[in-house]
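*Asks:* Chains as they are written, first to last, in the working numbering: chain A, 1 to 230; chain B, 1 to 54.
I should point out that these hints are in silico values taken from the structure, not numbers from a laboratory. Computed from a prediction, not measured in an experiment: that's the story for all the values here. Among the hints, erroneous ones may be present.
What the hints assert, rightly or not - Using 20 Å as the maximum straight-line C-alpha spacing, the simulated SDA-like pairs for lysine to any residue come out as follows:
1. A/K106 <-> A/G95
2. A/K106 <-> B/W34
3. A/K106 <-> B/V6
Unchecked claim - Going by beta-carbon spacing under 7 Å, a handful of chain B positions derived as facing chain A:
4. G8
5. V19
6. F36
Beta carbons are placed, not taken as given, at the ideal position from N, Cα and C, and that holds for glycine.
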Amino acid sequence: MAVSDRLNPGAGYALMVVGALLLAVGSYIGLFVAPSESYMGDVYRILYVHVPTAWNALLAFTFAFGSAVAFLIRGDFKWDARHEAGAEMGVVLAGLLCCQGSIWAKPTWGVWWDWDPRLTTTAVMFFAFVGILALRRFVEDPVKRATWSAVATIIAYVDVPIVYFSVRWWNSLHQMQSSPETVSAPFLIPLRTNAFGILFLMAGLITLRTRLARMRLAQEMAPPLPEVAS
Amino acid sequence: MNPTGVLGGGWEFVTAAYVLSLVVLGSYALSVVWRFRAEIRRAERQRRNPEVSK
Numbered sequence: 001m002a003v004s005d006r007l008n009p010g011a012g013y014a015l016m017v018v019g020a021l022l023l024a025v026g027s028y029i030g031l032f033v034a035p036s037e038s039y040m041g042d043v044y045r046i047l048y049v050h051v052p053t054a055w056n057a058l059l060a061f062t063f064a065f066g067s068a069v070a071f072l073i074r075g076d077f078k079w080d081a082r083h084e085a086g087a088e089m090g091v092v093l094a095g096l097l098c099c100q101g102s103i104w105a106k107p108t109w110g111v112w113w114d115w116d117p118r119l120t121t122t123a124v125m126f127f128a129f130v131g132i133l134a135l136r137r138f139v140e141d142p143v144k145r146a147t148w149s150a151v152a153t154i155i156a157y158v159d160v161p162i163v164y165f166s167v168r169w170w171n172s173l174h175q176m177q178s179s180p181e182t183v184s185a186p187f188l189i190p191l192r193t194n195a196f197g198i199l200f201l202m203a204g205l206i207t208l209r210t211r212l213a214r215m216r217l218a219q220e221m222a223p224p225l226p227e228v229a230s
Numbered sequence: 001m002n003p004t005g006v007l008g009g010g011w012e013f014v015t016a017a018y019v020l021s022l023v024v025l026g027s028y029a030l031s032v033v034w035r036f037r038a039e040i041r042r043a044e045r046q047r048r049n050p051e052v053s054k
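Isolated chain A (complex conformation) (with noise of 0.2 Å):
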């Protein structure tokens, strides 16, 4: 059994507000302790919630994968509320994590968008799983449904690697991921602290959202109430 369904709604509420009290503490020191950037001066601020998002976006697709594959080899649909749930996260993240790489281009990069192989395949992974979730709603029986959206899960997960290693593979406009080695102490401190607090967030909202997507399945799934004799 997973962590998701050990844990009661409480627990799911409990992971949402240590997630919300990380992210607030977090996100005053980014905005107001931490020192300013050599060359960005205060634009580089936004990295302390856009970098955390894409993390946990990641993660929340790579949830939904492990949850598409193993739905398929089991066929328990316990494993379909999970991957319902961390699709439905993931795409929540993606959109955000787009919006605010916008946010933040055009002050650094002189524009809202540009086809640059990072921000075009993090646009593809996104829309893939929002067809992805669109196709979930379409299909009304819940075993074709499970199967057909876990096996484009795994098929639109083929994107997620190529988004994380895309700035390696091609000479992109967007920078590199940084390490610990090659970001000074004083940044590393919000931006942790944004990720956790994000990942206890995600976390709390997969618990309440797989739950959900659990009650909703026995409800699809209940056997027709006996007709009574006349």
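Once you have looked at the hints, place chain B on chain A.
*Replies:* This is chain B only, laid out in the frame that chain A set:
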């Protein structure tokens, strides 16, 4: 940007990014909680009266 190549200002973009993040994450969190509670209420109604249609 000034002649030294260092970006100046930009707080309006920073504010926009943080407000957008707050609105999106907050709205999604509220939507999940609202849908979860509505489903619990619906299940409870059906448990009390099984003849209520799905």
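*Asks:* With reference to the structure, classify each hint as holding or not holding.
*Replies:* Hints and how they fare:
no.	hint	verdict
1	A/K106 <-> A/G95	holds (17 Å)
2	A/K106 <-> B/W34	violated (35 Å)
3	A/K106 <-> B/V6	holds (15 Å)
4	G8	holds (6 Å)
5	V19	violated (10 Å)
6	F36	holds (5 Å)
Hints 2, 5, counting from the list given before, are not met by this structure.
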